[in-house]
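Trainee: Each residue of the sequence shown is one higher than the last, beginning at 1184 in this note's numbering.
It should be emphasised that the hints constitute simulated quantities derived from the structure, not laboratory data. By construction, the Cβ of each residue, glycine as well, lies at the ideal position given by its N, Cα and C atoms. Please note: incorrect hints may appear among the correct ones.
As the list claims (entries may be wrong) - DSS-like mimics (lysine-lysine), calculated; alpha carbons at most 27 Å apart, straight line:
1) 1200 with 1376
2) 1256 with 1283
3) 1255 with 1238
Stated by the list, open to error - Label-pair restraints from in silico Cβ distances:
4) 1360 with 1283: 40 to 48 Å
5) 1313 with 1355: 36 to 44 Å
6) 1340 with 1397: 34 to 42 Å
7) 1234 with 1255: 40 to 48 Å
8) 1230 with 1376: 40 to 48 Å
9) 1441 with 1302: 32 to 40 Å
10) 1283 with 1261: 43 to 51 Å
11) 1234 with 1372: 46 to 54 Å
12) 1400 with 1357: 33 to 41 Å
13) 1219 with 1340: 38 to 46 Å
14) 1376 with 1261: 36 to 44 Å
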Amino acid sequence: MPASCLNYLREEGINMKLDRFRGFIFDLDGVVYVGRTPVKGAAETLAYLRKRGRKLRFVTNKSDESRKEYVKKLREMGVECREEEVIPSSYGTAVYLKEKYGKGRCFVVGGNGVVEELREHGFEVVREEKVDFVVVGIDEGFNYEKLKTAMRAVRNGARFIATNPDCTKPSEDGLVPGAGAMIAALEACSGVKPEIIIGKPNSILFEIAVEGMGLGREEVAVVGDRVDTDVVGGKRFGLFTILVHSGAVDLENLSEESKPDMVVSSINELRKFL
1184 MPASCLNYLR EEGINMKLDR FRGFIFDLDG VVYVGRTPVK GAAETLAYLR KRGRKLRFVT
1244 NKSDESRKEY VKKLREMGVE CREEEVIPSS YGTAVYLKEK YGKGRCFVVG GNGVVEELRE
1304 HGFEVVREEK VDFVVVGIDE GFNYEKLKTA MRAVRNGARF IATNPDCTKP SEDGLVPGAG
1364 AMIAALEACS GVKPEIIIGK PNSILFEIAV EGMGLGREEV AVVGDRVDTD VVGGKRFGLF
1424 TILVHSGAVD LENLSEESKP DMVVSSINEL RKFL
């Protein structure tokens, strides 16, 4: 662990023992893997936690893949998991719409993941303006026609639902545009803000994860690499927050809401504190 991280922990007086936590929520991209490349030792750390009886959930703001696709991806990286343990914003969006509205027609700016989750929850996904909902997430095929259809639908009264706020996301060759960029484009031309943004720092995904584990918030720690989503969202929901720190964040000048409870340089360091 970098000296700056250790100094931060000492100054904050943090109890670094993690054995009091019965559940862990992990962000995926940037923590367990980067793009298609697994983080060295991540699979072994997760297996170690399971062996010690800890419950795990994987919560990601990305919406372009479904739970089934994430399970397949993780297993190919040597990480054993079940579908109910993976909670992407695509799933959270479908759960939110199902619980609040029950059914409806959707126009989607996004990948196959959110389309699949919406259909599995009973929503009709169409390519036209006359819809009840416009759902916007990361869309690598984003174009003018999609933006035009989405704009007209929202201006005609469709509810604007956003999967997650991330304006960028990590990839193997650097940062690329995220869902937040598509959301901003639709907001700019429609003059309408999203009714809700499902992903972190909103509490919806954390709530699904904690309820699924059957634990209290005080028994769960969240591990992520972003201050604005993982740390802020976790703290707002009452979870212990662990930042996987690359050195890009100035820990000394964070607001109270943005300060993680603990800092590690990699997911692998968690084993030192159990």
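Trainee: Hints broken by the structure, by number, lowest first?
Mentor: Numbers 1, 2, 4, 7, 10, in rising order.
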